[in-house]
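Q: Spelled out from the first residue to the last, the chains are:
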Amino acid sequence: MTDSNSVRDDLLARIGKSQQPQEILRAPELRALAEELKNLPPEERAGAGRVLNELKKSLQTAIDKRQAELLDQAVTPIDVTAPFDINGSLPSLLPAEHGTIHPITREIAIMSDILGRMGFTVFESREIDDQYHMFESLNFPAGHPARDDFDTFMTMQVDKDGEPLIAPAHTSTMQNRIMHELKPQLEDGQPIAAASIDRVFRNEDLDPRHEHTFYQHEGIYIDKDVHAGMLVATLKTFLESYYQTKLDVRVNPFYFPFTEPSFEFSLSCPFCEGEGCTVCSGSGWIELLGCGMIHPNVLKMAGIDPKVYTGFAWGGGVDRLVMMKHSIEDVRHFQSAKLDFLRQF
Amino acid sequence: MKVSLNIVKRYTSFDVSVDELVSLINQQLGGVEEIIDIAKKYEGATIVRVVECAPLKGTDHLNLTKVDDGGASKDVERDDNGLVQVVCGAPNVRADMLAVWLPPGATVPSTFDDTEPFVLGARELRGAMSNGMLASPKELGFGDAHEGIMEIDANEWKPNDVEIKPGTGFARAYDLDDTIIDIENKMFTHRPDCFGQLGVAREIAGILGNQFVSPDWYVDTPKFSDGDGLVLTVKNDVPDKVSRFMAVAVRDITVAPSPTWLQAELVRLGSKPINNIVDVTNYVMLITAQPMHAYDYDKVASGKLGVRLANKGEQVALLNGKVEELNDSDIVITDGKKVIGLGGVMGGSETEVSIETKNIILECANFDMFTLRRTSMHHGLFTDAVTRFTKGQSPLQIPAVMHLALKSVFDVAGGQQASKVADDQNLQTFSELVVHAPQSIDKDFINHRLGLDLSRKEIESLLGNVEFTFDVNYVAPFWRTDIEIPEDIVEEVGRLYGFDKLPQDLPRRTVTPAPVRANRTLKTQLRDTLSRAGANEVLTYSFVHKNLLDRAGQNVDDTYQLSNALSPDLHYYRRTVLPSLLDKIHANVRAGYEHFAIFEIGKGHRISAGVDEDGVPVEQEYVSLALAGGDFYQAKALADFIAKKSGLQFNYVPLQQGKLFEQKRGALIRVGDTVIGAVGEYGAAIQRNFKLPKLAAGFEISFESLLKEVRQATGSYRQLSKFPSAERDVTLQVAQSMSYVDVESAVHDNLTKTDLVVAISPLGIYRPDTGDTKNVTLRISLTSHEKTLTGDEVSAVMDSLVSEVCEKLSAVVI
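Going down the list, the sequences are from chains A and B.
As numbered in our numbering, residues 1 to 345 make up the first sequence, in order.
As numbered in our numbering, residues 346 to 1159 make up the second sequence, in order.
Hints are computed from structural coordinates only; laboratory data are not their basis.
A portion of the hints provided could be inaccurate.
Pairwise CB distance ranges, derived in the manner of DEER restraints [as the list claims (entries may be wrong)]: (1) PRO208/A / VAL901/B: 29 to 39 Å; (2) PRO504/B / LYS160/A: 54 to 64 Å; (3) PRO208/A / ARG801/B: 50 to 60 Å; (4) GLU204/A / GLY415/B: 50 to 60 Å.
All of these numbers come straight from a predicted model, not from anything done at the bench.
C-beta: ideal position from N, C-alpha, C; glycine also.
Let's have the full structure, built from the sequences with the hints guiding it.
A: See below:
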């Protein structure tokens, strides 16, 4: 009878040297062991079978290890400090004419530039935040029905109050922080003028017109004697600079918990000068953003006295502006990373 | 919120066109989503008398009728008596009845909104000509009944005095020559009163500058009689959540379909007629915004209504046919013991009013909006009552609404009051509500916020039109639970005045420059740099599928997870950006791109990164690039390009362990001794998992670290010399294991001892087929700021270089 231990040692040694270790499982020695098993008396067969299985298992482990080793050997190490590989030459960058900046970040840069010239500091937003910043500090008390208007993504993990964290559904999640940070400006007699432009999230199904991930621009302006007419004038000026044309604007009453009064802001369609076209669905008007006078509770939460200071705020989508500008048919292209799409900009 | 202009006109008259009105509503009340021309829907429908009715020969159920339309219809075939022949299959058709006839050319109202509405004609049925049809309630859009035709009762009471006779237009008879405007519900999130026709009518008067006067029944305190015959007790265990609960028993009613006028009122507002009792509760709600409920008295054990919170696990069968398992935060109505309804949300099926019901209980109550919202969300029940209660209805309107409902029940179902009107009120909540109202505001407060200069009188006129009153303060009417703070009054004045009329002044600011944020500036610069290097900026989702984390070998347990994402593609926050980019390589390769680089500046999140000073998770930002068709050295060249344009110098040290990157073909990116990222080709598993092309590499750099370094960067500009440079190439044979950087540093260190301007550039790294050495060829450029270097001077520098470096590196010059 064959000694399985000596077979094991022999095969293990061969695996250690083999370039194709998987082949060892077909070694005649193993087959012979299996043959012998058949001829054993039934009472011995079980024990011997177990031994054979263990042998096979240990071989497989060794094979896996050897294969990883071989794979690793196949990888040639390189001198990472060198400018190029042995016998190679200095690599060039990619052709400059292929390089592109994403149409959305490009649009954000244009908007930031206008806002910057108007005196607004542009901030970024967060991608994970707590309910205090997303809701509470914006005058949505716990349980407020207006919280339902945002299809907000929530996490399994909770914040320090035991509430789920959220993926902000608007860049207003930055308002309280920005006000706190810029409050000293107010005390120095300078207005707070700030915008935040960044990525936001809503739990929506994807289709050509709906994205769960998109971009928003938002602004706040706080000073003494700021009135609602200034809000309209500021937005009009901003949009006229953005579209490089004179525009008519109008505001309709709306409801947001964080502004009082609240408006929906529309402008005469810059693509057809109000005549009616596909962009404005023939109406001559485009509903572009939500805005209003900052709710006194929101100012209070940031330590700003609403009896002394008033302010306005607005928020709107960036993706839609880009889509309208370039007649982009499907919002999903933006996050598709398709070069066919990106290299057109 | 559907609003009937005919109903509005009963409360306030106006003479502007529908278009003008809609435009004003848009500007001053809320966005109009749809205008529905109900009159058009019922155009042609005429009340007729069935004069003759006889079975149609050769059929088992059709009747041949002759109807009298008073000559109303013009182009139709008539017999000698001026009657019109109509074939009708309804079992209830009979001579002498009044019915609704749809003449040829009329559209069947129930198909009015279909893409292909059904237009009637004159056609032969079993050999007999049928002109149009006699309509069933279903065909008229009045509920589901279609077994028979609609019967018209000329003597039935109705709100208008149009005479019902053959030839009267159906729409005119029942006030259906109406226009419905549908205003976005979202506009009224804070306007409980505008969920009733009455409230919207008041606002319409206000924006037209007309004085509105609420009907007496709404504002007068009603006097209820005592009633007798049935026992009714009410016990409210949750006064803090149910601020008012009013109920009364009514006996000996007759449950039946509602009179046609009432059905007509309901259907135009989108409500479905059920029976006279349920219809009254719904109608009262549509008018006042106050939901109500009716119970079958005889199915409520011992005439008790209890109000309490549910016990966890209790169940109730609801009117929608579903059984809900309750939560201990749900407000429930009980019969003293078991649950018979989900308070403010939906009634229970056990106590439902049916055709057999003889005695009822009417309930008119106020439920806490926050509790109700939770219940509604939890059970997924979004009823008209929930919509209204969650806006914060005023408990002060409850007696008026109950009084109206009671009176209406007597009108349409007969019966008598059978108990006292129970009124459980919680005075504390009550006084809190009343305190909302008076606001002491200076007119300047209002003017400053609107940029206006209105007189107190003008302000009072605007607000007075919608029934605000004034003593020394501004007093909101009792139904305006939304008026809490002075700014709410500002909004009212602005809106009623017209926001579009506010002066458009720009804020005046000083010339102080607005501060810029360094992180945004650097990002703009990085985008610029990388796109100039031929790379394409992409944006990819912040959320990823679990399998992306797995494929990238990332730790799922340390990753923030979404609890409510619709798609599994979005179940986790991404930890770093590069895997998202790798995931986009394959599709682009398939689209025919072979050699490209995509990059993104984005965020990653990991639980172990902890929280910041606000207690929210730390966000980590990355500048990540994935290169296809290029190797380590090209990825490195792209990273070095960033360094150069940011005034930095990156150095590279071998990876100690490989994760995303293959250990032997990857490096840490450092600035000085600070590690800021990594660059490399990918390990075999990553290569396979992301179906990457053979040649692929990339880098991921911490944006925060980069920003920190860039802020400290001093720049690398060297002044130009007026004198020419001398160039010499030197090839050093060194041990194959020696790093290139050691060779270059040795050369550099030697040359910096001279006071010349030195530039070293690699020309070649060559390894012969045999031996364990390699040849490194460097081009050395030497420039003096003082003079043109002579050949001898250059040779002296080179000789000293060669001898020192050869010794230091055990190298041989070739």
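Q: Where does the structure disagree with the numbered hints, that is, which hint numbers, in rising order?
A: none
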